[in-house]
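There are 2 protein chains.
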Amino acid sequence: MRIGIDLGGTNIKVGIIDNQGNIIAKSSIPTIVKRGVDLIIKDIIGQIEEILDTANIPLEKIKSIGIGVPGLVDKKTQRIIFATNLFWQNVKLGEIIEDYFNKPTYIINDGIAAALGEHIAGSTKGVKDSVLITLGTGVGGGFIVNGSIYNGGHGWGSEIGHMIVGENFYNCNCGQNGCWETFVSATALIMYVKKRISEGCNDSLIVKMVEGNLDNINGKTIFDGVKKEDKLALETMDRFIKYLAIGIVNIYNILDPDSIVIGGGLAKAGSHILDPLKEEVGKRVFYKGVKYGDIVLAKLGNDGGIIGAGFLDTIPSIIP
Amino acid sequence: MRIGIDLGGTNIKVGIIDNQGNIIAKSSIPTIVKRGVDLIIKDIIGQIEEILDTANIPLEKIKSIGIGVPGLVDKKTQRIIFATNLFWQNVKLGEIIEDYFNKPTYIINDGIAAALGEHIAGSTKGVKDSVLITLGTGVGGGFIVNGSIYNGGHGWGSEIGHMIVGENFYNCNCGQNGCWETFVSATALIMYVKKRISEGCNDSLIVKMVEGNLDNINGKTIFDGVKKEDKLALETMDRFIKYLAIGIVNIYNILDPDSIVIGGGLAKAGSHILDPLKEEVGKRVFYKGVKYGDIVLAKLGNDGGIIGAGFLDTIPSIIP
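Chains as they are written, first to last, in the working numbering: chain A, 1 to 320; chain B, 1 to 320.
Fair warning: there could be bad hints in the mix.
[As the list claims (entries may be wrong)] Pairwise CB distance ranges (calculated):
no.	chain 1	residue 1	chain 2	residue 2	range
1	A	G282	B	G200	37 to 45 Å
2	A	K291	B	D99	26 to 34 Å
3	A	H272	B	N90	32 to 40 Å
4	A	G282	B	T10	31 to 39 Å
5	A	N173	B	D275	27 to 35 Å
6	B	N146	A	S198	47 to 55 Å
7	A	E49	B	N146	18 to 26 Å
8	B	K291	A	I57	36 to 44 Å
9	A	M1	B	T314	41 to 49 Å
10	A	G282	B	K34	29 to 37 Å
[Unchecked claim] Reference excerpt, derived from the structure (chain B facing chain A, CB under 7 Å, subset only):
no.	residue
11	N146
12	H154
13	T187
14	D238
15	N250
[Said to hold, decoys possible] Simulated coverage check for chain A against chain B, where a stretch passes if three residues somewhere in it have a Cβ under 8 Å from a Cβ of chain B:
no.	segment
16	101 to 115
17	249 to 258
For the record, the hints were derived by calculation from the structure and aren't laboratory data.
C-beta: ideal position from N, C-alpha, C; glycine also.
Whenever a hint applies, use it, and build me the whole structure from the sequences.
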């Protein structure tokens, strides 16, 4: 058995995973960001102890611990270089957890953990080359190449949310203009709808659905608007599908994976995204005479990150 | 010894390469595209026979033959799927050459061959992870990952010239708008200068340098204009550096290589490109606190493709 942890900006999720990749116990506590590094690490330790206790599993049965984190991880030192939403910089999380529990502990970016989860037990089980795209508040990614993790020489790779794909009306948190996540994240959809409402699209159903309180617009509001054929929702969806297709064709042209997996909160829209996306991608591929990778939905939802993190001891990096 | 071939839209270059990666004999003949597939293949065969004869090297001493081609190659069947400038589609070039000479023969995209050449005997010798960018008429690429070739599951990867990075005033040959090569190839520079002249920048030195015949504008004209501080040339150079930096930061964020090598005709401008490029890239990296890959110039010029093609039998693909 293994322990997999998904350290997010909102929740810390801990799971005990069996050797087949099934979660046999799971817990979630809020990430209280303002508590700071030391206390949050204490929270994680406490949560691990509690789940082992509750599930009545002795620590000896645990082979390893893996943690997916929302930030950049140095693959050599296993330190978190930075995690924006946590306001963490240069944190030896792996070392601290490893010392405390005396178990091999691995840290990786959460997009990669989710890609690994799908590879172990989800939609890309048995597929050797895959790219996971998580469409949530931001856009994350993880690459599996020939069954191994591929995130570059230092570990700064697979940050596909910061691939520049165009010019946009607002800048990305990273300081650049045109990052993919400013076009295809939930945040991007909301930003675009608000902008268009401020430009005069006040008659949109979206405005009515949130009773005029634009702060209540979320991904679901927009997808509900699409179902009701609201003009602004449809326009927003068209733009979203266009840029999602552009980024995916970029991934085809750069990485040429066998499978592209769409995960994250927006993936809940399922075929409402997948069908128009496949059509748009088909129009945009570099050469129409050959087969490119399949585009599929993630299967594991939020569990993917926990499972993938748990299996970090079993999957090498393609660059040692 | 090995034979390496660079099959280009303008010339066919054949080299005999020793085991250290030195070219010991080399020949070049024009690619007469209108002769069509069969006669061009005959030309290649004749050129191989002639160079062996001239260099007085018997065929038995040749271990393998490798060919870099300007197009998409199916890694499983070793067929050229298409090569735009040659007007070739579905050509069993590898099979034909292999059958004729009875030597193991390998075919690969020319950008990858050039990347491999630099890895074997050029600027990335000893570097395990590198990306070569060729800035010529178009933009090509080749990735070396952990010492192996990485071009995806089917062989459609590393086509970085068709990574979409913005919106442009003209479409790419591939049918898309915003491909990197429409911003940073020699063609792109010429297109931009001509557009600006047509918009009224007639007082540019560039117009004088070509004596009013805009068809004579080339990469060198523009770089000469930069040296003379011509306003339009400087504007064109700024735009070029901006988009070159955007694409390189995309490569950092996606692939995180140890080295990025700039090759192709425009690389002849050397530090005139490299110095402003490094400055611009430094402003645009995702996280300023970590080290990203070095940016260096290719060392082998046109020979890189020949050397890399010749060594295809020694370097595996990271995806079998």
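To see whether the hints hold, each was checked on the structure:
no.: 1; hint: A:G282 / B:G200: 37 to 45 Å; in the structure: holds, 41 Å
no.: 2; hint: A:K291 / B:D99: 26 to 34 Å; in the structure: holds, 27 Å
no.: 3; hint: A:H272 / B:N90: 32 to 40 Å; in the structure: holds, 37 Å
no.: 4; hint: A:G282 / B:T10: 31 to 39 Å; in the structure: holds, 33 Å
no.: 5; hint: A:N173 / B:D275: 27 to 35 Å; in the structure: holds, 29 Å
no.: 6; hint: B:N146 / A:S198: 47 to 55 Å; in the structure: holds, 49 Å
no.: 7; hint: A:E49 / B:N146: 18 to 26 Å; in the structure: violated, 38 Å
no.: 8; hint: B:K291 / A:I57: 36 to 44 Å; in the structure: holds, 41 Å
no.: 9; hint: A:M1 / B:T314: 41 to 49 Å; in the structure: holds, 43 Å
no.: 10; hint: A:G282 / B:K34: 29 to 37 Å; in the structure: holds, 33 Å
no.: 11; hint: N146; in the structure: holds, 5 Å
no.: 12; hint: H154; in the structure: holds, 6 Å
no.: 13; hint: T187; in the structure: violated, 17 Å
no.: 14; hint: D238; in the structure: violated, 16 Å
no.: 15; hint: N250; in the structure: holds, 5 Å
no.: 16; hint: 101 to 115; in the structure: violated (count 0)
no.: 17; hint: 249 to 258; in the structure: holds (count 9)
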